[in-house]
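Protein sequence lines, in the order shown, are assigned to chains A and B.
Residue numbering for the first sequence follows our numbering, starting at 2 and increasing by one per position.
Residue numbering for the second sequence follows our numbering, starting at 2 and increasing by one per position.
Among the hints, erroneous ones may be present.
Copies of the same chain look alike in the list, so a pair counts if it fits in one copy or across any two.
With a cut-off of at most 27 Å between alpha-carbon atoms, the simulated BS3-like pairs for lysine-lysine come out as follows [claimed, not checked]:
(1) Lys559 with Lys497
(2) Lys416 with Lys124
(3) Lys106 with Lys411
(4) Lys179 with Lys550
(5) Lys411 with Lys105
(6) Lys365 with Lys286
(7) Lys559 with Lys534
(8) Lys497 with Lys132
(9) Lys124 with Lys411
(10) Lys416 with Lys534
(11) Lys243 with Lys132
(12) Lys548 with Lys564
(13) Lys552 with Lys564
(14) Lys550 with Lys564
Hints are computed from structural coordinates only; laboratory data are not their basis.
Here's the letter readout for the chains.
Number of protein chains: 2
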Amino acid sequence: MAATWIQKIPARSVHLFARGRNHAAARSLGSQSPAAAAAPAFPGPGVHSSAASPPSLLRVPSPSPSPTSRAVSGLAKERMMMSENGAPPRAKVLTMDTMNPTVKKVEYAVRGPIVQRAVQIEKELSEGVKKPFAEVIKANIGDAHAMGQQPITFFRQVLALCSYPELMNDNAFPEDAKSRARRILQSCGGSSMGSYSASQGMDCVLQDVARYIERRDGGVPCDPDNVFLTTGASDGIVTMLKLLVCGEDVGRSGVMISIPQYPLYSAALAELGAVQINYYLNEEKNWSLDISELQRALEEARQYCTPRALCIINPGNPTGQVQSRECIEEVIRFAAEERLFLLADEVYQDNVYGEGCQFHSFKKVLFEMGPEYSDTVELVSFHSTSKCYMGECGFRGGYMEIINMDAEVKAQLTKLVSVRLCPPVPGQALMDLVVNSPQPGEPSYSNFNKERTATLSALAEKAKLTEQILNTVPGLSCNPVQGAMYSFPRISIPDKAIQEAAAHGQVPDMFYCMRMLEETGICLVPGSGFGQKDGTYHFRMTILPPKDKLKVLLNKVKEFHQKFTQQYS
Amino acid sequence: MAATWIQKIPARSVHLFARGRNHAAARSLGSQSPAAAAAPAFPGPGVHSSAASPPSLLRVPSPSPSPTSRAVSGLAKERMMMSENGAPPRAKVLTMDTMNPTVKKVEYAVRGPIVQRAVQIEKELSEGVKKPFAEVIKANIGDAHAMGQQPITFFRQVLALCSYPELMNDNAFPEDAKSRARRILQSCGGSSMGSYSASQGMDCVLQDVARYIERRDGGVPCDPDNVFLTTGASDGIVTMLKLLVCGEDVGRSGVMISIPQYPLYSAALAELGAVQINYYLNEEKNWSLDISELQRALEEARQYCTPRALCIINPGNPTGQVQSRECIEEVIRFAAEERLFLLADEVYQDNVYGEGCQFHSFKKVLFEMGPEYSDTVELVSFHSTSKCYMGECGFRGGYMEIINMDAEVKAQLTKLVSVRLCPPVPGQALMDLVVNSPQPGEPSYSNFNKERTATLSALAEKAKLTEQILNTVPGLSCNPVQGAMYSFPRISIPDKAIQEAAAHGQVPDMFYCMRMLEETGICLVPGSGFGQKDGTYHFRMTILPPKDKLKVLLNKVKEFHQKFTQQYS
Chain A
2 MAATWIQKIP
12 ARSVHLFARG
22 RNHAAARSLG
32 SQSPAAAAAP
42 AFPGPGVHSS
52 AASPPSLLRV
62 PSPSPSPTSR
72 AVSGLAKERM
82 MMSENGAPPR
92 AKVLTMDTMN
102 PTVKKVEYAV
112 RGPIVQRAVQ
122 IEKELSEGVK
132 KPFAEVIKAN
142 IGDAHAMGQQ
152 PITFFRQVLA
162 LCSYPELMND
172 NAFPEDAKSR
182 ARRILQSCGG
192 SSMGSYSASQ
202 GMDCVLQDVA
212 RYIERRDGGV
222 PCDPDNVFLT
232 TGASDGIVTM
242 LKLLVCGEDV
252 GRSGVMISIP
262 QYPLYSAALA
272 ELGAVQINYY
282 LNEEKNWSLD
292 ISELQRALEE
302 ARQYCTPRAL
312 CIINPGNPTG
322 QVQSRECIEE
332 VIRFAAEERL
342 FLLADEVYQD
352 NVYGEGCQFH
362 SFKKVLFEMG
372 PEYSDTVELV
382 SFHSTSKCYM
392 GECGFRGGYM
402 EIINMDAEVK
412 AQLTKLVSVR
422 LCPPVPGQAL
432 MDLVVNSPQP
442 GEPSYSNFNK
452 ERTATLSALA
462 EKAKLTEQIL
472 NTVPGLSCNP
482 VQGAMYSFPR
492 ISIPDKAIQE
502 AAAHGQVPDM
512 FYCMRMLEET
522 GICLVPGSGF
532 GQKDGTYHFR
542 MTILPPKDKL
552 KVLLNKVKEF
562 HQKFTQQYS
Chain B
2 MAATWIQKIP
12 ARSVHLFARG
22 RNHAAARSLG
32 SQSPAAAAAP
42 AFPGPGVHSS
52 AASPPSLLRV
62 PSPSPSPTSR
72 AVSGLAKERM
82 MMSENGAPPR
92 AKVLTMDTMN
102 PTVKKVEYAV
112 RGPIVQRAVQ
122 IEKELSEGVK
132 KPFAEVIKAN
142 IGDAHAMGQQ
152 PITFFRQVLA
162 LCSYPELMND
172 NAFPEDAKSR
182 ARRILQSCGG
192 SSMGSYSASQ
202 GMDCVLQDVA
212 RYIERRDGGV
222 PCDPDNVFLT
232 TGASDGIVTM
242 LKLLVCGEDV
252 GRSGVMISIP
262 QYPLYSAALA
272 ELGAVQINYY
282 LNEEKNWSLD
292 ISELQRALEE
302 ARQYCTPRAL
312 CIINPGNPTG
322 QVQSRECIEE
332 VIRFAAEERL
342 FLLADEVYQD
352 NVYGEGCQFH
362 SFKKVLFEMG
372 PEYSDTVELV
382 SFHSTSKCYM
392 GECGFRGGYM
402 EIINMDAEVK
412 AQLTKLVSVR
422 LCPPVPGQAL
432 MDLVVNSPQP
442 GEPSYSNFNK
452 ERTATLSALA
462 EKAKLTEQIL
472 NTVPGLSCNP
482 VQGAMYSFPR
492 ISIPDKAIQE
502 AAAHGQVPDM
512 FYCMRMLEET
522 GICLVPGSGF
532 GQKDGTYHFR
542 MTILPPKDKL
552 KVLLNKVKEF
562 HQKFTQQYS
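Using the sequences plus the hints, can you model the full thing?
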């Protein structure tokens, strides 16, 4: 039964409803007016059909609701369709007009339209459609194992032991793997990973994380009670932002994020109805962070919101810079002076390749600055099992450490995380192994160390290679990839291409990346998905493919760029 | 260095700030005024200290910000403390006054204060503190493995194989376990569970879920594209509520939930700023759902909000009833007439014990009602790996199926779930095994079936036992536990006890359960955590402990209740 749309009927008018016996499921209208998008509407209280009523029925809104819902129903626009027999059926309850408007504002480029198109192309290839390439290469996301990186044997042995403890009797498993598994299982209810853990995380993992942080930070103390295990770092970041920001009804909170940024931040802030305060990294100085720019952004933002927090990603995503100790100190001083809660996204802490570069944790620097800062500055640091040499994204493991958080607020945080019961226990177990990895003298140490070093050296080599090849291309310029897993080169896009992009309703770098995907099968993320200075264009590309494949990839990018530039010159 | 609080300084006054060289980390004040709780405050834009300034510094708020932030700073109450040298240091950025007010409103009884106290008592016991009991028994949460239920061998074998594929060469693993593992790994990027999956879930799992639903529902078709894998059912429920409700700024959305309810619903609605519309289950008629009560609740709610959705938990949590087919049909008709989106929480679909009871999925009933309903009523159904015979809570596996969702809204849902990247892959793998379990003829079938049946029969037996023993206690009355994993008996609390509870600032059933915990070590959840009719009291208790232990537990509850009643008579 085909359905035809009739009209959007004006708000607050009498609504006609009736149900045909056979009508197709409602489909949405293709577009909506900007007004409707800005001020989404609800169906009014009286807008419903009645099963007990005859097929064609005139319904008047039911008697006066409250002023609030009256105002709301005043905005209502109903989508209706007519079944073949001409009787308009029930409209959908949940439509673009009635859904939560903050969700509509969310954008997440790393898995956005270009990735959806890449998945489509893969399907087309598998169905035998001819393309100028044999496979899609997804260099859009830091997904190491998908790019062929092998998991650390020791980690997987322990996970297998924890999953199926019968294997404890298997001599093929080394003793240190078994002792780790035993320790984890003892911390599980009923000795099973199938039990819920405490909402903050399993005790033994919290302790191991705390000891890891202490070793990492040269002895700065860490209280396990300040550690919260998370479902990947994303979960922790969203949880902290949720605590920090208040909805529009009580004045808008602002959160400072770097531009370019990792789009989880903008997505979470959009969903929470908070203000995103952009501060720009300095591309000319290798994506460094200037305090004067923080100051500028903050002062502007104070005109229209209440800044609450400052987010830093170090090593940088998507920009690959590694912050100096001095810069971190300045940022901490700035946060203290300006009364901002610091969020340090440190998930790439082992991914440092640049000569003379070193990872400095915000916490260590904070404590080295003395009690004037270490007793007062509120900080949270995030880590994860997904990056570094592990690349175990699928397990969704992570932790956050909170420093100087108000005790009552911490109780609220504990309550909040209890609603989602607990982070996945296998991810917690994996996080435990990362912070309690094999030590010299243990049977698995040598192999663990070999695997770890091999992965990190390969990444360092690929970081260098990426920078080198991209910088041979006229019209591309790439800062050194000092850390993390991405290059974020700047691209020149000819004016003609910019015009053609506009004709396609696309921003120029989306147009560029879409063209690259269609012509080469390479899937990158346009810089616009991360934010960039007006008039500049970039893409993010991971350095994760195996070296030989990466070379091919980079050379294809080079060829594409030359062809593209020629075509539009 | 000790710190002493000085005062809460009045809003919009001049703020004094200075930094001593050594002051203790700020601690929170014990309480706050109701006004501050209702209208939380921000620090005003000028309220910050400066590192460049001398130790004692008078600061006046900086020049006029926007009207919004001015109004906000007008509410500000600063918490300050003074260091020993008398110089007040920086106040905290994030306090009870400045934090997100919606988070403060969240409550989650299943892991609330009584469980926190239980954890404390466990610690005390382990430190040798003498108690009138030797262990804490947590009957507060449906955590099967923690209560000794064994995982299904086949599931864990496959998970071990997926974690450590070296085991594919191990002859101890049956061939069907290996073929399941191979299929799952083929669906993973780089054949590793460490890769991100598609945000909606791994293809092969979506397909298997769809086939499972079709088998379950007697052939009603299921499109894998309508299935979304989730991080436990909770994640799916929160995601759907997020789509459905709109914040206070655009008029308040209402969602109907049963009372008693599972407190995830109230917690999620509080956080989203939506209105919780209570409809009461009929305890006298075995917690049945009366349409007239739905109608009453809806009509009342329409006075002050826009009802959008109706949530049903079947089999019931915490109430253990199983809905009849007729009742489900009536609910669907009601939702259609009243234009409500239906959320069916069906995570206990295999936990049905009551004589003559049967699980009917909302989807099957909907499709049996004919296209008038099946083409239009918007429905989402949730399932999980955590309950039924699996009890694999720690893996956080789950799925939801959406029916008749507007295509554009579905695209928004897909976008929204992409922000959290993907549900944990081990949980996805486990969900796959649940919906694609060993079949007759396969090597693992007989053992799988034996384990599954044993668990479900034991639960059925324990459901009966619970009802029987509790009903022998004067002052306790327990409806039949027809399904799910909980009894929810009504308890008589003597007036004197109600008065003493009030003197302790506790609701009567919290007082009762706390007393039980302190005296017997049994941890239950007070009925007030789920909601109940005014003047009635209940507790929720799982039926999960092993039979012998459950008997002891029930008899302890009986003894406690008798003693408690005597004491306060």
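Could you tell me which of the hints above the structure violates, numbers in ascending order? Violated: hints 4 and 11.
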